[in-house]
Amino acid sequence: MAKRPDKPGNRSRRDLKAKPGDAAMQEAADRVSDKAIPVVGIGASAGGIEALSSFFDAMPADSGCAFVVVLHLDPKRESEMARILRAHTKMPVAQVEDGMQLLSDHVYVIAPATEIKLNGGRLEVSQPSEPRGQRHPVDVLFASIATEQRERSVAIVFSGTGSNGTEGLKEIRAEGGMSLVQAPETAKFDGMPRSAIAAGLADHVLAPERMPETLLAYIHHDYVAASDRAESVSPLGEATIDQVLDIVRSRDGHDFGYYRRNTLRRRIHHRMGLRNIETLADYLKELHANPEEVATLVADLMISVTGFFRDPEAWRALGELVIAPLVAERENGRPVRIWVPACATGEETYSIAMLITEHAEAAGKRFDVKVFATDAQEDNLRKARDGIYPAAALADFPPERVRRFFERIDSSFQVSKELRDMVVFAQHNFLRDPPFSRLDIVSCRNFLIYLVPEAQQRIIAQCHFALRPDGHLFLGNAETIGRHDDLFETVSKKWRIYRRIGPTRHDLVDYRPLRGSPATETAGEPLTAPQEAGSTPVADIARRALLERYAPASVLLDQRGRVVYFHGTTRDFLEQPPGEPTRDLLAMARDGLSLKLRGAIRDATRGDKSVVVHGRVHQSGSSRDVTMTVVPLPASPQGSKFILVSFAPGLPIAKPKQPARRKDAREIKAGDHALQEELASMRTELRNTIEHLETANEELKASNEEATSMNEELQSTNEELETSKEEMQSFNEELNTVNSQLQHKIAELEWKTNDLNNLLAGSETATLFLDDKLAIKWFAPATKELFDLVASDIGRPIAHFARKFSDDNLLQDAETVLKRLITIEAEVPSDAGRWYQRRMLPYRTRDNRIAGVVVTFNDITERRAAAMAVNEARVYAETIVGAVRQPLLVLDGKLRIQSANPAFYDLFKVTAKETVGILLYDLGNGQWDIPILRTLLEEVLAKNREVADYEVEHGFGDIGRRHMLLNARRLGQGGGRDELILLAIEDITERKRAEGVAKQHAEDVAKQLASIVESSDDAIISKTLDGTITSWNEGARRLFGYEPEEIVGKSIMTLAPPDRREEEEDILGRLQRGEHIHHYETRRQRKDGSVVWVSLTVSPIKDAAGKTIGASTIARDMTERRRADQHKKTLMAELNHRVKNTMAVIQSIASQTLNHASSLDEAREAFSSRLLNLANAHDVLTRESWQSANLGDIIADTVKPHGGGENRFRIEGPDVRLTPSASLAISMALHELSTNAAKYGALSSKDGHVVIVWRIEGAEGDRRLVLHWEETGGPEVERPKRKGFGSRLIERALASELGGDVGVNYASTGLVCTIVAPLPAGHQLLGERGEETERKADSDRRG
Amino acid sequence: MRKPSARRILIVEDEFLVAMLLEDLLSEMGHQVAGTFAQVAEAVKFAEHADLDFAILDINLAGATSFPVAEILRRRGIPFLFASGYGSPGLTSAFENELTLRKPYEPAELERAIAEASARVGD
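In order, the protein sequence lines correspond to chains R and D. Here the first sequence is numbered in my numbering, starting from 142 and rising by one per residue. Here the second sequence is numbered in my numbering, starting from 48 and rising by one per residue.
Relax, there's no trap hidden among the hints.
Derived DMTMM-like pairs (lysine to aspartate or glutamate); straight-line CA-CA distance at most 20 Å: (1) R:1380 <-> R:1417; (2) R:1281 <-> D:156; (3) R:1424 <-> D:75; (4) R:1148 <-> R:1175.
These are calculated hints, taken from the structure and not from any lab test.
Bound-form chain R, shown alone (with noise of 0.2 Å):
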């Protein structure tokens, strides 16, 4: 590609951003290759992938483009985006890493959390310097392509939220790119395009699908494809560019006959790329076919890119050297006066108020700041004076300057009122309408730069005139002052910084092009430009000093009244009034003349005439006549109309008035003739005034009339927006009603479904709407018996749900159901051992639309097993019936048979055959027609009767004479079935005979009976329930003493004693309930009154039908039996007494042994001995049944085991017998005395003897047993030193016992004892006590 001349215009805009010089130049060349690749930048944020989808469906894989896609992703996740992308083309896609060559047909993806931008054909990764939510990576990427590929980039956006992009967008568009933004209504999310739309930044504004072919036209329109040759070889000529501006000049008002060539070339250019316009001859078409197009164009062409502290440093520069050093000066409260032409959306006027405010504040300083912000296009001042901007144009602000002057709407940021109340917007061209004044400052940047030089030059001019004296400029980086030095002087060279110098210069301030440009002026303009002087003809020098010396001062005015021109010295007549410059010539004629000129200005136009008026100017004093001349003009070509104004010193000479002057010498004095003449001249004018009066007075009645009826207008407009309004209300309230309708129809779907749901709750049916796929629309609770279903299970097919049911038919079922709209039914057994009965049917819609099948499970459990039940009870009987013996036969009502069991057959030898269907009168020829039977058989149906055992004797010719019980019953029919007859025969022939056996034998039994009952020795009585005697035996007569005839009939409570009476009403009683009274103990009383112990035994008597009769009781003497009882107990009682008795005496000798024992071993074998001699002596005396014991018994038993085997004792005495206790205490004493023989007498050596002797002396009371202990052989006694157990024993024993006396000497031939205890005659026993002998049992007395 050849390379591309450099273009000043585009040279100057690049320097604004770029670094200027060589370097820069460089850059430019080298991209110049790289630019081969047009750049496609995509923004889209929320809704985007449908979008990116859509327009990657419709791009052709092979446009040469490279796109890159950024988008909000979740910082924290791997993002998906290539992949989901790649689904979409055939172009590669990748995801962005650092470093990466942009090449054709490829498609980049930014990676979550970073921001991209494009430099030198590579992507360059980086952190996002925002925090998360103030982001604008779309803008970061667009600003970059911006740059570097300028007229070829094309910038996208498509749905989100917020106004990601409409700031890069701006930048694209101001390098001449292209911009596609996303319809509205075609996004999810409409944020993103609509703020891009809003800020005017849409070349484009279409579908993602038909975003392709529009890029691609623009792509391969000359001005991207081919923009070298475009401006070098078409034949775009100045001519032709200005056939453009004239369209523009004619149909908008914009002149931009000033703006640089090249940058109108490029801008128009620009269009037609967008356009897909290939010449400018089409594209002069579509202008003039085409308004939009023309304010499309002019508002391409007055882009201009701007904002907040654009070139910070400048702006730095501009607040030290002339913002500082301005507030440092002026005086607080003094207003500060500033001008920011062309301030398109307001960023850089907000920019200086902000820069002055705070330099004010921090000076402490209040000023009353103006800022008039001017520019040529509504549009912009409106978004100027709304001061709301996106979050990105803030985006490099210091945070206490965003707090300070905006205020945060949505995602956007609105100046505050505080700022927006200084600056005052106005629609103004520079070029055409005059400047402000006596101001301070003039900011002016990167406007000069779209103008020609000349252009350049005025501005400036018009600046210094504009400001104050030591007023600032402030340009942009690449513009200067030019040439005018004189003017200006430079405070900062490199950041164009100005200060006006000299006096106000008003031969600079040309408002020539007021009319229009210079290309348009017309050689028939009847004044020329100053400029063009140099070069004018003689002839026209002469005509220039004709004027200047005879023509007088005069003013030119166009059809307003406004000066066009003036000529000669009109100070004398003229002057500018206070305050802004005015072009009025009323406003500008001095004292005294301007209510002249306005009637003859007047009077000259209305009647196309000359009018000569003449007034007195007063001035420093004197005054002197002025003679005013007004002359209309003829029409210019144009059609404009000017008339002129000429100023004549002196009086008139016009000859019209003379005649009038003399006529008023004859009658006036000559001094007052000036008088006369000024009042005519009054008058005159008065009249003029008054006309002029009616002729407004005129016209405000017709505008009056002209407002009246648009009042008319406006009411009848009012009363139809009544009607409207009426009309609204009356469909509101029809609405109303429909909405309270459906309502009342939700509430009552409500309850329906209520009812339903309860309806199907109510009624356990398992129940299942599917949808003709058979997929589960709704089911019942109880359904989930049935199947494993939940409530998210709707929707799901049935087939794939287990069954908790056999059922294999289901689904087959379901289908012929669907398919032929019928009702199946099935039974169906449960998991759970249950039955259900399955019912299928179609579902029908209100509209009788098959929507799918109800299925109904019906438990018929018990139904099932109600019907078995029934089914085997008629088995049951069956069998019953068939296996009785009895004959059965059903009968008709007719008495003809319906059926007959075996038992009937085999009874009365027929066949089913010859008895079914035959009447009961001809069976068996005739047989049964007994007159009696048929009697009673009629009245079991006519009268519901029974025949119960009705006896019947018949002669049956085969089988002889029969007894027959007879039992007939109505068989109850439910259902209105005729009734039927169940006959029961019953033959008891054999009965009959079997009985008359019986009977005779029974007899014989109850004789048998009667002589048992008669030889009892139990009393054996019956009586009746009311207790009346009716038998009486012979052991009853033993017992009670009654005779059977003194007692039959009588009260059985005759044998009660008094205190057992209720004791026998109780008996009777429980016979009465049939209960059966078993060994019953009480007491009776004999016949002579005393009370007899007797065991009862009461049974109730049945008669044959088992009812209770009377009673019999059986009544046993108990009287011996109690007293043996007595008896045991008392002798229990003794036994226990006396074991512990027993014990008592052990535990005594235990303890004596015990404490007198020397040794263990001593006292075991002592207290053994002794124990042993107790037993000794207690079996004598049980030998002797305790009666009594023979003395010489216990002492030969006692004295025994300690002979040592040989006779070494000699007993002798006569017969003594003594008492148990007696016997004990001569058992024990002679024990005691045998041990101590034993161990130290005369038994502890071999030949030693013991004598013991007793015998009976005295007579009477004095009657005595003296009993010796003599031993001799033994070893030499001594008498012991103590009292051992053994002496206390024998004392107290026998003192105690036998109330006798001890002696022991203690002989040295050995040890003798005597004996001595009373026996008084009578007493046969020894030991007997005086109270004791009447007592017969001697076992009774020990206690």
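Since chain R is already given, all that's left is putting chain D on it; use the hints.
Just chain D, lined up with the frame of chain R:
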């Protein structure tokens, strides 16, 4: 002089061996046996006038009961206790609330019973 806890005790017991043991036990406990009787008549005579602090009465004495002795003691306000092979069931209703030792008994039981019976009367 006796020890404050020493008592003169009457024994009515017809089993001489038991009486012997009782005498030994009471002596060991520091009491003085005032008299031992096997027959009611003698015991009654003695109980009427003897200087007594306590009595231990066997209930059945050779076919008679010791209740006459008990009545005298109760009248005199002398504490006593019964000792019997029957235990309490051998008492008539008049004495059913009196303390009764069931034979055979331990020395400690005896001591405790004496103290308890004394305390009852003391109240």
